[in-house]
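Chain order of the listed sequences is R and B. Residues in the first sequence are numbered consecutively from 1157, following the numbering used here. Residues in the second sequence are numbered consecutively from 470, following the numbering used here.
Be careful, since some hints might not be right.
Subject to a maximum C-alpha distance of 30 Å in a straight line, what follows is the list of computed DSSO-like cross-link-like pairs (lysine-lysine) [said to hold, decoys possible]:
1. B:Lys609 - R:Lys1343
2. B:Lys612 - R:Lys1343
3. B:Lys555 - R:Lys1261
4. B:Lys587 - R:Lys1343
5. B:Lys612 - B:Lys689
6. B:Lys609 - R:Lys1443
7. B:Lys612 - B:Lys688
8. B:Lys632 - B:Lys555
9. B:Lys679 - R:Lys1343
These aren't lab readings, by the way, just hints derived from the structure by calculation.
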Amino acid sequence: MRYIEHDTVVRRMNGRMVVNTIFKSLFLLATLAALMALVILMYQIVTQGISHLSFSFLTNFASRFPDQAGIKAALIGSIWLMAVVAPTSIILGVGSALYLEEYAKQNRITTFIRMNISNLAGVPSIVFGLLGLTIFVRALALGNSILAAGFTMSLLILPVIIVASQEAIRSVPGELRDASYGMGATKWQTITKIILPAAIPGILTGSILALSRAIGETAPLIVIGVPVIIQFLPAGVMDTFTALPMQIYDWSSRPQPEFQQVAAAGIIVLMVVLLLMNSVAVIIRNKFEKRY
Amino acid sequence: MSTSHVLDQKSKTAGYEADGSLASAANSVYETKQLNLWYGANHALKNIELDIKENEVTAIIGPSGCGKSTYLKTLNRMVELVPSVKTSGQILYRGRNIFDGDYGVEELRTRVGMVFQKPNPFPKSIYDNIAYGPRIHGIKNKKILDEIVEKSLRGAAIWDEVKDRLTENAYSISGGQQQRICIARALAIEPDVILMDEPTSALDPISTLKIEELVQELKKDYSIIIVTHNMQQAARISDRTAFFLNGEVIEYDKTDTIFSNPTDKRTEDYISGRFG
């Protein structure tokens, strides 16, 4: 006796195809909804801000008068901030990931540490701001300097970089490690010559995406007490500064309607910076991608 | 023994005779004494006693899960990469216990090369694959590296096939060629012993034949220990065969004896294909 009757299969086929189509349409709708939100947002910002966007907008300092307001201090400040955040967070993050994946014994303590790092990635940024205020601004007396803000931002994105680097390191095939250790290589030689070259695309992609989160964060900067109206450029990491999202936040909370346009222009600048950073991530990924 | 050894290694026996520890084992490379190994609570190797002779091919056969690969990986302590491994007993390599606290695994693995089941070249050029071992042991001179690469590729009988494409990625060649690249890579550290863990199980019959011929060639200069699932292969290429079952050595003798006149009923059953 046969368990699968061909006729029954044919009879039920229509119903199966209908369900298939329903779900396909639902998921398409979900994608379109997300896309629509993005398009509306972009349209609004570009139509509002494009009129104010000019070369002098990039080279002027902030001003009381909307038509003279520029983003120079914030743009340069954000670049300074990244110059502190990128090395600090990547060195600490990749170092922690290498320790957890390659050196640490796999026991309850490391499992606990790993779980907590993943949890840290979900802690609201304002909490990291309070932490930065307590440790860097007050206890270490760094004030509202680039260094204090940079360290705070580094802490904020560190969990993301660690998790991304761990994934990248874990995806390096075990056979390559075996081959290296089998020839008498030390752990450090295996890491520098085999594991890191294979994991670097994943590590850099994750790090750059984390950095683009840091460049757009506002809450920690507000808590630290980063000022908004600044008429000079920082000369070093101990100077105070302002950053793109702070400047945008300030403009958008002003009563004059003209400042809304200035804020929109600022958002366009921020988005171009983000787009540039993400493009670098894509280029790196394509360039270093290796097959096994 | 060639005089062109570039790595500063002790010659095959001279270094250890001075302390007299080699007296009992004139031509044993490895002497295994009361070796036990546990993966957590799983007793994987039980009281292994095995002497491995110099310049011979020693085959290790047995059904899956019998501990033959585990034993092979214990010989260069690669087994310790698995967490929760515990061992007791001794393995003397050239008279020195490899489990001694002052015996570095890196030093041991420089003397004992390994070829794995699946070809595992690095995602680098063929040249860089072969030069990897010498480089990590400190050789930087380009001329010496060139010589080692050519000598190793010739030793693995693949020089003629790849000499014009040394800069190509090692993944661009066939699986059988990749495995011979891996053998060449193991030869490049000028080892004394080569461990082979089912080196032909992922290869086609022609590549398998090439590797088997190569093993015959290599035993003139190296002692080879090979784990294999293929009993015909063991019969064809080995001088001695050890039969493992459930973590124990059931029988260990000259290959001819094992295959024509085994002492133990279980060995006979296994080689005649009644189980495993």
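Verification of the supplied hints:
1. Taking the CA atoms of Lys609 (chain B) and Lys1343 (chain R), the gap is near 20 Å; set against the 30 Å cutoff, the hint holds.
2. This hinted pair checks out: Lys612 (chain B) and Lys1343 (chain R) have alpha carbons roughly 27 Å apart, not beyond 30 Å.
3. Straight-line distance between C-alpha atoms of Lys555 (chain B) and Lys1261 (chain R) comes to about 15 Å, which keeps the hinted pair within the 30 Å bound.
4. With a C-alpha separation of about 22 Å, the suggested pairing of Lys587 (chain B) with Lys1343 (chain R) holds against the 30 Å cut-off.
5. The suggested pairing of Lys612 (chain B) with Lys689 (chain B) holds, with an alpha-carbon distance near 27 Å, which does not exceed 30 Å.
6. As the CA atoms of Lys609 (chain B) and Lys1443 (chain R) are separated by approximately 28 Å, the hinted pair is consistent with the 30 Å bound.
7. Pair hint Lys612 (chain B) plus Lys688 (chain B) holds up; C-alpha atoms about 28 Å apart against a cutoff of 30 Å.
8. For a cut-off of 30 Å, the pair hint linking Lys632 (chain B) to Lys555 (chain B) is broken: about 44 Å separates their Cα positions.
9. The suggested pairing of Lys679 (chain B) with Lys1343 (chain R) is violated, with an alpha-carbon distance near 33 Å, which exceeds 30 Å.
In this structure, the earlier hints numbered 8, 9 are contradicted, and the remaining ones agree with it.
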